[in-house]
Amino acid sequence: MSAVLRHRTSLLVLVGMAGFWQILSMIFRAEALPGEPMVPGWQVLVTKTFLSLSDYWQGGLGVESVASGGRPSYLASFLAVISNSLDTVIRLYTGLFLGAVIGTLLGLAVSWSGWTRRIVELPAQFLRTMPLLAMVPLFQLWFGTYFIGKVAFVAYGVSVIFFAGVVNAVKNVPQIYIDNARTLGATKFQLYRTVILPSIFPELRSTILLSLGTAWAAELGAEYLGAQSGLGYIIVYSEQFAYLDRMFFVALLFTLYASISYAIFNNLSLRLLRWAPRAGRDVLVELKGIGNALS
Amino acid sequence: MLFEPVEKSMIVLNGVSRIFRRADGQLVRAVADITLEIPQGQFVCLVGPSGCGKSTLLQMIAGLILPSNGSIRVADSLVTEPSPERGVVFQKDSVFPWMRVIDNVEYGLKCRGIAKGERRTIARDYLRLVGLSHVEHAWPRELSGGMLKRVAVATVFANGASVLLLDEPFGALDYVTKRQLHDVLLKLWAQSDSENRRTVLFVTHDVDEALTLADRILVLHSGQLVDDLDISVPRPRTADSLLLAEMMNRKHVLLAHLGLEGATALAAQMEVGS
Chain D
0 MSAVLRHRTS LLVLVGMAGF WQILSMIFRA EALPGEPMVP GWQVLVTKTF
50 LSLSDYWQGG LGVESVASGG RPSYLASFLA VISNSLDTVI RLYTGLFLGA
100 VIGTLLGLAV SWSGWTRRIV ELPAQFLRTM PLLAMVPLFQ LWFGTYFIGK
150 VAFVAYGVSV IFFAGVVNAV KNVPQIYIDN ARTLGATKFQ LYRTVILPSI
200 FPELRSTILL SLGTAWAAEL GAEYLGAQSG LGYIIVYSEQ FAYLDRMFFV
250 ALLFTLYASI SYAIFNNLSL RLLRWAPRAG RDVLVELKGI GNALS
Chain C
0 MLFEPVEKSM IVLNGVSRIF RRADGQLVRA VADITLEIPQ GQFVCLVGPS
50 GCGKSTLLQM IAGLILPSNG SIRVADSLVT EPSPERGVVF QKDSVFPWMR
100 VIDNVEYGLK CRGIAKGERR TIARDYLRLV GLSHVEHAWP RELSGGMLKR
150 VAVATVFANG ASVLLLDEPF GALDYVTKRQ LHDVLLKLWA QSDSENRRTV
200 LFVTHDVDEA LTLADRILVL HSGQLVDDLD ISVPRPRTAD SLLLAEMMNR
250 KHVLLAHLGL EGATALAAQM EVGS
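Keeping their order, the protein sequence lines are chains D and C.
Taking numbering that gives the first Met the number 0, the leading residue of the first sequence gets 0, the next gets one more, and so forth.
Taking numbering that gives the first Met the number 0, the leading residue of the second sequence gets 0, the next gets one more, and so forth.
What the hints contain is simulated information worked out from the structure, not anything from laboratory work.
One thing to keep in mind: the hints can contain errors.
Covered stretches of chain C (in silico footprint by chain D; criterion: 3 or more residues with CB under 8 Å from a CB of chain D, positions within the stretch not fixed) [claimed, not checked]:
1. 79–91
2. 100–111
Take a look, some chain D residues computed to stay more than 12 Å from chain C by CB distance [claimed, not checked]:
3. Gly40
4. Val43
5. Ser51
6. Gly58
7. Leu104
8. Ala163
9. Pro173
10. Ile177
The list that follows gives simulated cross-link-like pairs (lysine to any residue, SDA-like), each with its CA atoms no further than 25 Å apart [as the list claims (entries may be wrong)]:
11. C:Lys91 with D:Glu202
12. C:Lys91 with D:Arg5
13. D:Lys187 with C:Ala22
14. D:Lys170 with C:Thr34
Just so you know, even glycine gets a beta-carbon here, dropped at the ideal spot from N, CA and C.
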C-alpha cells in the first residue's frame, strides 16, 4: 500500500468513526439530566459544550472568569482548554522525564557492579509490586495536591516501568559488543554510554510507549483524586453535575494529545534508529502513519 | 621444539589451564597446562578440531576470561583484563551497528582520548588500506559480511594493538572473500618493519588457511598443545605454494592431527610431535 493510500484510508476510518458517533447520538436520545444528553452529538460538542468550558477559566488576560461575573465566551473556553491542558501536559512530561531518567539509572545500576545491584534490586522490586493507583492518596499526603505531588506520582509510575524495561534490555545486549568495546580500550563508563545505551534503545521503545500510556493514567488518576486544575479536574467536576458532554470533550482532547505524543516519539526514534535494519523500522513508519492521521 | 626463544618473547604462557563447570555440574578442562612462548612479530596459527579449546585459549590471552591456573604475560605484564594492547577480531560480527563505519574504526582511539582530527586521519588511512574508503559514512547494515570483517580488521589495526588475536575471523566467509581478506591481513601485518611488527595469533580450523598465513602452526587437541610446526615457505604464498613438498608434508601432519588421515597416522604423528 502506498503512503498516500494508507494516509487516506486512516483518514476515512476517522471520518467514519465520527459519523458513527453522530448516528448514535441521533438514535440514543436519553438524557442524564434535562438538557444533558448521554450521547452528545457534534452539534452539541462544538457549541454548548465548548462554550460551557468557560467555567474553568480562572480569569486574567483581560478575560473575566465566569465565577466572578464574566459571560461565557468562546475566548474564555479556548483559554480554559489551553491553560488546563498545559497544566496537565507539563506535569505529565516533567514526571515522565524524571521517571525515565531515574528508572534508567536504577536499571543500569543493576548490571553496573555487584554492589550497586545489591543496593538497588530489592527496594526496586519492592516498589514494583505496589499497585500504582492505590498509591495516589499516599502521594497526595506526602507531596501535596499541587505540581510536585503529581509530578512525583507520574515519575514513580514511569520509573518502575523503565527500571524493569532497562534491566531486561541490558540482559539482552549481545556479549560480542561488550567484549569488542572492552578489548578496544573502553572504560566502564564509556561502555555504558557508547554500547549499552544505544544497543538497549530498540528494545526500550516498547517500554517508552508503555510508559507514555502509564504516565497519562497516573497523571489523570492523580488529578481525579484532588486537583485545582487540569483536564482530570474538569472530568471529575463534570461528573458531579452529570455533564457527559464535557467529559466526552475532554476525552477527545486526551486522544489528540496522546496521538501527538506518539507521533513525536516515533519521529524521534526513527531518527535515533537510522542505523537499525529496515525490518524494525517499518513498524515505526506504520505507527507514524496512524499518529499523523489522528493528529 | 616448544621453546625456541629466537628474540624477545611477546606472549608467554606458563602452565595455563582453564576449567569450566557445565550446567550439569560436571567440571570440564577446556585448556590443560599449556606452556608456550611467542616471539614479537611472529604470525602464529592455532589449529585444532572443534571444541579443542582454541577459542578459550585466545580469550584468556585477550583477558576476556581468566585462567584457572598458571599465568599469561604479554609484553612482560600479567594479563588480568582486556587491554587495547591486545586487539581481537571475533568470529561473530563485532562491528557496532549503531555507529557509522568510520566511527567504528575510530572507536578505540576515541575511548583513549585521541583528538578528533588525529583519529580521523588514522581511521581513514586504515579504511583505505582495507579498501573501504568509499563506504566510510555507511551504516554497517549496508555492508556485506566480508566488508564487515574488513572494518573489524581496520579497527584493531587503527587502535595500534601490538598483539592481534583473531578467533576464526573469516570462518563464515566464501572462499574468494576469505582469500582477499588474507591478503589484506598480511599486507597490514607486513607494512611495519620487523622490530615493530605486530604479533599475531590466528585461530582457525582450516588447514589451508593456516598454511597460507603462518610462520608457525600450533596444534591443540583436547586442551593440550600437541604439535608446533614451523612454516618457512616465503611469502607471498599462492595456491601453488601449497603444493610444495614442505607444505604437503605439513598438511598431512595437520590432517592427521585433525583425525582426517586415520588413527594410525594420528598416533604416529603425535609421537613425532611430542
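Hints versus structure:
Counting residues of the region 79–91 of chain C whose beta carbon lies closer than 8 Å to any beta carbon of chain D gives 9, which reaches the threshold of three, so the coverage claim holds. Only residues whose beta carbon comes within less than 8 Å of a beta carbon in chain D count, and the region 100–111 of chain C has 4; three or more means the coverage holds. The Cβ of Gly40 of chain D lies farther than 12 Å from every Cβ of chain C, with a closest approach of about 51 Å, so its non-interface assignment holds. Every beta carbon of chain C lies more than 12 Å from that of Val43 of chain D, the smallest distance being close to 52 Å; the non-interface claim holds.
At roughly 51 Å from the closest C-beta of chain C, the C-beta of Ser51 of chain D stays outside 12 Å, upholding its exclusion from the interface. Non-interface call for Gly58 of chain D relative to chain C: holds, since the shortest CB-CB distance, roughly 51 Å, exceeds 12 Å. For Leu104 of chain D, the condition that its CB be more than 12 Å from all CB atoms of chain C holds, with the nearest at approximately 21 Å. The beta carbon of Ala163 of chain D sits about 23 Å from the closest Cβ of chain C, which is more than 12 Å, so the claim that it is off the interface holds.
Non-interface call for Pro173 of chain D relative to chain C: violated, since the shortest CB-CB distance, roughly 8 Å, does not exceed 12 Å. Some Cβ of chain C comes within 12 Å of the Cβ of Ile177 of chain D; the nearest lies about 9 Å off, and the non-interface call is violated. For the hint linking Lys91 of chain C to Glu202 of chain D, the alpha-carbon distance of about 21 Å falls within 25 Å, and the restraint holds. Taken as a hint, the Lys91 of chain C and Arg5 of chain D pair is broken in the structure, with Cα atoms around 39 Å apart against an allowance of 25 Å.
For the given pair, Lys187 of chain D sits about 29 Å from Ala22 of chain C by alpha-carbon distance, which is inconsistent with the 25 Å threshold. A hinted pair counts as satisfied when its Cα atoms are at most 25 Å apart, and Lys170 of chain D with Thr34 of chain C does not qualify at roughly 36 Å.
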